[in-house]
Amino acid sequence: MNDADLTEEQKNYLHGFVAGSGVLQLLPTFAGTLGLSLHGAGIGSASASGAAAAATLTCPEAIHFQAQDQQTAAGGKLVPEEVAKRKRFPLDQWDDLARHAAEGRFPKGTDVLAFKYQGLFYVAPAQDAYMCRLRFAGGILPSFQLRRVADIAESWGGGYADVTTRSNLQVRQIKAQDAVRVVEALHEAGIVNRGSGADNIRNITGCPTAGIDPQELYDTRPLSQQMHHYILNHREMYGLPRKFNIAFDGGGTISAVEDTNDIGFSAVRVGEGKIDADGKPVAPGVYFRMALGGITGHQDFARDSGLLLTADECVPVAAAVVRVFIAEGDRTDRKKARLKYVLDRWGHAKFIVETERLMPAPLRRLGLEQCEPRLPVDKHGHIGFHPQSPAGFWYVGVTLPVGRMRVDQMRGLADIADRHGSGSIRLTVWQNLLISDIPAERIDAVKAEIETLGLGYSATSVRAGLVACTGAAGCKYAAAHTKQHAMEAAAYLEPRLKLDAAVNIHFTGCHHSCAQHYMGDLGMLGTQVEVGDDLVEGYHVFVGGGYGAEQGVGREVFHGVPATDVPLLFERILRSYLEHRNAPDQTFREFIRRHSSEQLALLFEEPAVTS
43 MNDADLTEEQ
53 KNYLHGFVAG
63 SGVLQLLPTF
73 AGTLGLSLHG
83 AGIGSASASG
93 AAAAATLTCP
103 EAIHFQAQDQ
113 QTAAGGKLVP
123 EEVAKRKRFP
133 LDQWDDLARH
143 AAEGRFPKGT
153 DVLAFKYQGL
163 FYVAPAQDAY
173 MCRLRFAGGI
183 LPSFQLRRVA
193 DIAESWGGGY
203 ADVTTRSNLQ
213 VRQIKAQDAV
223 RVVEALHEAG
233 IVNRGSGADN
243 IRNITGCPTA
253 GIDPQELYDT
263 RPLSQQMHHY
273 ILNHREMYGL
283 PRKFNIAFDG
293 GGTISAVEDT
303 NDIGFSAVRV
313 GEGKIDADGK
323 PVAPGVYFRM
333 ALGGITGHQD
343 FARDSGLLLT
353 ADECVPVAAA
363 VVRVFIAEGD
373 RTDRKKARLK
383 YVLDRWGHAK
393 FIVETERLMP
403 APLRRLGLEQ
413 CEPRLPVDKH
423 GHIGFHPQSP
433 AGFWYVGVTL
443 PVGRMRVDQM
453 RGLADIADRH
463 GSGSIRLTVW
473 QNLLISDIPA
483 ERIDAVKAEI
493 ETLGLGYSAT
503 SVRAGLVACT
513 GAAGCKYAAA
523 HTKQHAMEAA
533 AYLEPRLKLD
543 AAVNIHFTGC
553 HHSCAQHYMG
563 DLGMLGTQVE
573 VGDDLVEGYH
583 VFVGGGYGAE
593 QGVGREVFHG
603 VPATDVPLLF
613 ERILRSYLEH
623 RNAPDQTFRE
633 FIRRHSSEQL
643 ALLFEEPAVT
653 S
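Counting along the sequence shown from 1, when you hit position 55 you're at 97 in the working numbering, and nothing is skipped either side.
Keep in mind that the hints were calculated from the coordinates and are not lab data. Yeah, the Cβ is synthetic: ideal placement off N, Cα and C, and Gly gets one too. A hint or two may mislead.
Below, simulated PhoX-like cross-link-like pairs (lysine-lysine); rule was C-alpha separation at most 25 Å, straight line [said to hold, decoys possible]:
hint, residue 1, residue 2
1, Lys377, Lys119
2, Lys518, Lys377
3, Lys392, Lys322
4, Lys285, Lys392
5, Lys217, Lys150
6, Lys285, Lys119
7, Lys378, Lys285
8, Lys382, Lys285
9, Lys129, Lys285
Quick list of simulated restraints, FRET-style, between CB atoms [what the hints assert, rightly or not]:
hint, residue 1, residue 2, range
10, Lys119, Gly389, 18 to 28 Å
11, Asp137, Lys322, 53 to 63 Å
12, Asp457, Glu398, 43 to 53 Å
Kindly generate the complete structure, drawing on both the sequences and the hints.
Next comes the structure, spelled out in structure tokens:
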């Protein structure tokens, strides 16, 4: 037998079998027996590594190995995470996870990264336990899944779940021996969380009111679901240079905060008589704009690409963008391995040209100014009761204490959704959730049941705009206990201040900015502060951040404030705003942006003590 006796399909099968079976050391004998040409197949010699051999095969993850080869050929040195992914693709380490569980031990070294591909984060030294992050397309889940997550948290976790800033849930305090049980229980409930952590595309977000918003231009739920399933079923969408975020905004009253994502799609309306960049008429209707490069932790928002896409083009174009990022993202420096840095190096125009090469036809270009402006966003429409579509029904935004729900509260919320709504739960990036499809005559009953659970629905509460990352209680990077400090601040402020509307207060524990402190009205970045001879937990304080039409990076006005001083500082800031604003309807953001940082520091400083 020789090469000529085999079809291309048979050759590819045999080459793939050999490369993936762990018998590369037998290649000379195996090839000699079959009469196959190793050189022509691109598998390499018997001394080649498995990943190097696979780099020229047709397996989906080969594009990652080829990108690594390109960067090492240019003189770069792969970071340890890339070396580990090259030696063994993390999606293939289920047996290792099962072995660790059977032996009751947690991962070490680069296995910590690999196990995140199954959604399991070993969070030592903050906790000697796993945190399990889930996936819900667009943040929407049926009530039975919320109950199942409650069961999992009760059986194998800490008895609670946290809503994240990606409209997601995570369960904490999972023991090593229970890891496989948790993942299997999630899959049995239809919650496939593969790639919810590590160097992968994270949970796909969308407008929490998608499909029920009277203002929206497009119901983004199908797009979130299509992108979700595309990721789950395309192996090359894993093992990226770093994490990647995608969001879909349908133009409704609640934003998807898409401009903070690596890819942000925004629905727009195009009127009559518009001509694209090629001189072709554009049919009037609803399209999508694509913005690229958002990463607020690095003080950058996504910028418009100049493209006008149909809804059907969004997922294929997103996949093409990710493939360009796979090829060009930095594999030698984790700090520079996000999409923003490829765009900074190339410029947006070149990046779009390279993306377009992967598409079957040229993409349509139309200036943003030729699209109708986005209708206003209700900045706090994710809290309280609001009319929805169809008429006669309402949704309620439930405030959760910095995103945390006990299992009894999760079950109670699922019961409310079933009894009074359609059984749908909608998670938001503000760490709260919505229950939709409530008839008007049941609003009072829903209010009473939410209060019975110890939760709220008031849009004027300090807690309504309170966001906090996991903090030092569950994250090794965090310098402060963010959730604890956020709740202490809220408990101090609520009996002392009455706000006309919620002010967004974001507590983040470290430079990774999981709570996106730069886009908060008030943004807190955890740090260690010298007090006498001691180091205590504290924060750098930023003000005036925003997103969408209010887009802006918060300015630092105080540096190194001890955590114990934060509640009183908040009171001074908010009282100063209420006393010095130009009009009763002037927003906190408007107030902040009409003052310099120096003026704000003076307004907010502690009053001098007089004798």
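Status of the hints after comparison with the structure:
no. : hint                          : in the structure
1   : Lys377 <-> Lys119             : holds, 14 Å
2   : Lys518 <-> Lys377             : holds, 17 Å
3   : Lys392 <-> Lys322             : holds, 23 Å
4   : Lys285 <-> Lys392             : holds, 22 Å
5   : Lys217 <-> Lys150             : holds, 15 Å
6   : Lys285 <-> Lys119             : holds, 20 Å
7   : Lys378 <-> Lys285             : holds, 12 Å
8   : Lys382 <-> Lys285             : holds, 12 Å
9   : Lys129 <-> Lys285             : holds, 20 Å
10  : Lys119 <-> Gly389: 18 to 28 Å : holds, 26 Å
11  : Asp137 <-> Lys322: 53 to 63 Å : holds, 54 Å
12  : Asp457 <-> Glu398: 43 to 53 Å : holds, 50 Å
Violated hints are absent here; each numbered hint is respected by the structure.
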